[in-house]
Amino acid sequence: MERSLTSKGAATRQRIIEGAAVEIRERGAVATTLDDVRARTGTSKGQLFHYFPDGKDELLLAVARHESERVITDQQPQLGDLTSWPAWWAWRDRVVARYLARGTECPLNSLMSQLGRGTPGARAVTTELIDQWQREIANGIRHMQGIGEIDPALEPDRSAAALLAGIQGGVAVMLATGRIEHLEAALDVGIEGLKR
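Under our numbering, the letters of the sequence shown match residues 22 to 217, in that order.
Take these hints with a grain of salt, some might be off.
[As the list claims (entries may be wrong)] Calculated lysine to any residue pairs in the SDA-like style (CA-CA distance at most 25 Å, straight line):
(1) K77 to E90
(2) K66 to R48
(3) K216 to R163
(4) K216 to D152
(5) K216 to Q166
(6) K77 to Q99
(7) K29 to T94
Calculated from the structure, these hints are not laboratory results.
The whole structure should be built from the sequences, with the hints applied where relevant.
Here it is in structure tokens:
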């Protein structure tokens with residue numbers, strides 16, 4: 022949103038975004054209506070269109086940004102500090118703990134399966150998230166190469182992409198079965214594979 026908001030206005034807008042995110046996780050992006058969001062957040066139609074004048078598409082884009090930020094924020098500070106093997110394992114434990122705590126309330130699943138396909142803007146936000154996450158992992162790999170802990174011939178971006186794909190596969194299996202061991206295995210094998 023281009024114009025500046027008062028702190029009360031920013032809080033109301035954020036409440037609408039968070040309520041819409043919950044609705045989308047529960048119902049899906051297509052099934053969620055603006056009336057559903059209004060009912061969940063206790064906002065009027067006028068308020069909703071005041072903060073999102075372009076309607077549902079603008080709100081979906083705001084939700085995509087919100088969910089994207091949550092994915093990265095939930096992994097910090099560990100993701101930004103992949104500078105030793107203990108730091109990598111701390112990040113691994115953080116990722117597993119966050120997905121265990123969230124269960125089906127997974128912002129990444131919401132972003133990729135619901136919002137990422139919805140509009141070109143939401144797809145761009147999803148792409149931006151994946152690129153940022155991959156960049157953070159690749160930076161950790163480069164750091165470890167710099168201190169001689171990872172083979173310098175290893176391609177950081179490609180290795181980060183593979184690790185990220187493994188995480189996403191593990192999350193998909195967890196969401197489908199309720200079992201976390203596939204995510205744990207993807208992280209464990211991915212990190213161990215960097216040492217070779």
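*25 Å Cα cutoff - pair K77, E90*: holds, 20 Å
*When you check the alpha-carbon spacing of K29 and T94, does it fall within 25 Å?*
Judged against 25 Å, a Cα distance of about 24 Å means the pair holds.
*If you draw a straight line from the CA of K216 to the CA of R163, is it 25 Å or shorter?*
Holds: K216 and R163 sit about 13 Å apart, inside 25 Å.
*Holds or violated: are the alpha carbons of K77 and Q99 at most 25 Å from each other?*
violated, 35 Å
*Holds or violated: are the alpha carbons of K66 and R48 at most 25 Å from each other?*
holds, 20 Å
_Proposed proximity, D152 with K216 (alpha carbon, max 25 Å)_ = Roughly 23 Å separates the two Cα atoms, so the pair holds.
*asked:* What's the verdict on K216 and Q166, does the C-alpha distance respect the 25 Å limit or exceed it?
replied: Holds, because 10 Å separates the two Cα atoms, which is no more than 25 Å.
Hint compliance for this structure: hint 6 alone is broken.
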